[in-house]
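Chemist: Listed here are the chains, written in short residue letters.
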Amino acid sequence: MARQETDKDVGARPHVMQRLLDNPFLLVFLGVTMPTVLYLIWGIMEITQIPLAPS
Amino acid sequence: MASIAVPGRQVAEERFRTCPDTGLEVHAKAETLIRVNVLTAVVFLAVGGLFGLLIALTRWQAIHLLPAEWFYLLLTAHGAAVLIFWIMFFEVALFYFTSAVVLNSRLATPMIAWVAYVMMLVGALVATVAVLQGNSSVMFTSYPPLQAAPHFYLGLILFAVGMLLTCFIFLGTLVVAKDEGTYEGSIPLATFGGLTGAIIMIFTLASGAIILIPTYLWSLGIISTIDPLTYKLVWWGLGHSSQQVNVTLQVVVWYTIAALVLGARPLSEKVSRTAFLLYILFLQLASAHHLLVEPGLSSAWKIFNTSYAMYLAVLGSMIHGMSVPGAVEAAQRRLGHTKGIFGWLREAPWGNPAFAGMFLSLVLFGFLGGISGVILGTEQINILMHNTLYVPGHFHATVVCGTTLAFMAMTYLLIPIFFQRDLAFPKMAKWQPYVFGAGAAGISLFMMGAGTLGVARRHWDITFTDALISFDYPATAFFMLGLNGLSALVAAAGGVMYVVVVFGSVFAGKRRTAAEAKSNPIAPGAVALRTYGSEGTLKLPGTIVLVSVFFIAFALYYFINWRFLAGIWTMS
Ligand code: HEM
Ligand SMILES: [Cu+2]
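Chain order of the listed sequences is A and B. Mapping of the first sequence onto our numbering: residues 571 to 625, in sequence order. Mapping of the second sequence onto our numbering: residues 15 to 586, in sequence order.
Hints listed in this document are in silico derivations from the structure and should not be mistaken for laboratory results. Every residue, glycine too, gets a C-beta built ideally from N, C-alpha and C. Since no wrong hints were added, every one of them can be taken at face value.
A short, non-exhaustive set of chain A residues, derived as facing chain B with CB atoms under 8 angstroms:
hint: 1; residue: Val598
hint: 2; residue: Leu600
hint: 3; residue: Val602
Over the 10 angstroms line for every Cβ pair with chain B, so calculated as not near, a few chain A residues:
hint: 4; residue: Ala623
hint: 5; residue: Pro624
hint: 6; residue: Ser625
Bound conformation, chain A alone (with noise of 0.2 angstroms):
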């Protein structure tokens, strides 16, 4: 048979990871804010520092 294993046995307090893992709105916040700093504002500054070309 399959092992079952639920977060329970570990313990009162689990594992930080575990406690991450079960906390859908820290994800959502974590998966939202990593590209958006990392990807989008970090390109949009490099963009923004290109210099325009004289006219």
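Let chain A serve as the given structure and place chain B with the ligands on it in line with the hints.
Modeler: Chain B with the ligands in isolation, oriented as in the chain A frame:
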């Protein structure tokens, strides 16, 4: 179909039935929504697939079916209908399935789910009509300064807002299920995967809104310009991340089918969840691989977002790619198929289209889509294939061989479970994954082959008739395009088989009774889907061999491409 009120429910007036196949308590309103979203998805696949066939027959130079205007028009319509509408309507059904159904819960705010559905449907129709009217052949990427008719963007925005609502309904259902205590402990892996998909989808749609709303205003003349590089940057937050939602939900489907059909559990729940966490944190950053050749963005930005972050996400995929066959092997061995290294695989239920489609999706996605994706995502070797047919070759391996085939396989379980019908034309259903898989693998490989020879993507005529400056492609390139056309016919045949089986079953399939579900079970392993738990074994010689073969193929191909690159500049 008996509807029962589940005792102890706070919301007593909600109707539930106990699914005789899975034992799940199915919320009537969630069920109707799942049905409607699945069928809508299939209609868009049928239409978009037809467009795909027509453009493939155009690129087959000996046939060269469509005139240029129609080629670009239908190429735009194809991308939108299949990549966006087919896949996303199906994903809505998967969101409702992995939240409400798997958690035995009611769906949060079914009324809003209907509003979302209507918005998505109207948006999809408006955008499609805009393309078919002929003034919006901007490809589904719609890079400015190409400009489409305003209602093209408006349709897409409407669709995206509807889709965003479904993500919130997913999150709301998690809250409802927890409050009403419909499950214990941690959410099952399928639900966690659904959550991962919903999170990535939120970022995806936010990026889409940030860029498409100004673009819409620009098409109306309210804004004077849209900066092309900024557009590309933000648009790929949508364009790439949405593909990552597809990967995520396709992985969810793999685990789900393995669980339902064989009772397979992940090798380790914790490891599989951690792999999904890698997706949540890193997958979306790899959007940068679409901008690898853009001047104006630094190498630091490119390399951080592709190399470092992307490889962490690829690691997540490799964990899943190992865990799913591993789970199948462990379950098969548990069920007594223990002969030799590959006895479990030989004796797998290959005649069950859900299983066959799932396993083909897994293998083709890994070998064709995964490996070519890493090649394209590596800054240095990307340039070998940039903007050639290699790119559509790669993403037909991911999104057609991988996601579409997985979703087709899932449909073969959704029909008995949610429509309570047996599959009509079971023989046809049995062959469908193989026919479609072969055709899809063909179009992927032959487009990659043509791309390796330099054939451009989105190009109507590589003979350059009437062009001032011409170019002679090698005869092999034409041959590849011909093979691509033949494969397209095979894939289209597989697509037609799918559509016939789905509509045949839904409207004329034999009703599935509780007695039938007992005598001919389609989801004997449903407990594995509903609960948290692991196989907890690593005695998996077959999987280890498969994974080793994968790594060797990967390393060789990666090395060959670097050699290829080195050969371009001869240094002496
Ligand atoms: C019968 C099945 C299919 C066939 C024969 C087919 C064939 C093709 C061909 C020949 C192209 C044009 C490549 C070029 O000239 O640049 C193309 C583009 C594309 N296909 Fe498919 N395809 C099929 C199914 C699908 C599915 C199921 C999806 C998505 C789930 C998909 C997504 C796309 C996308 C996104 C493009 C790119 C459009 C663009 O460049 O703007 N295709 N397909
Ligand atoms: Cu991408």
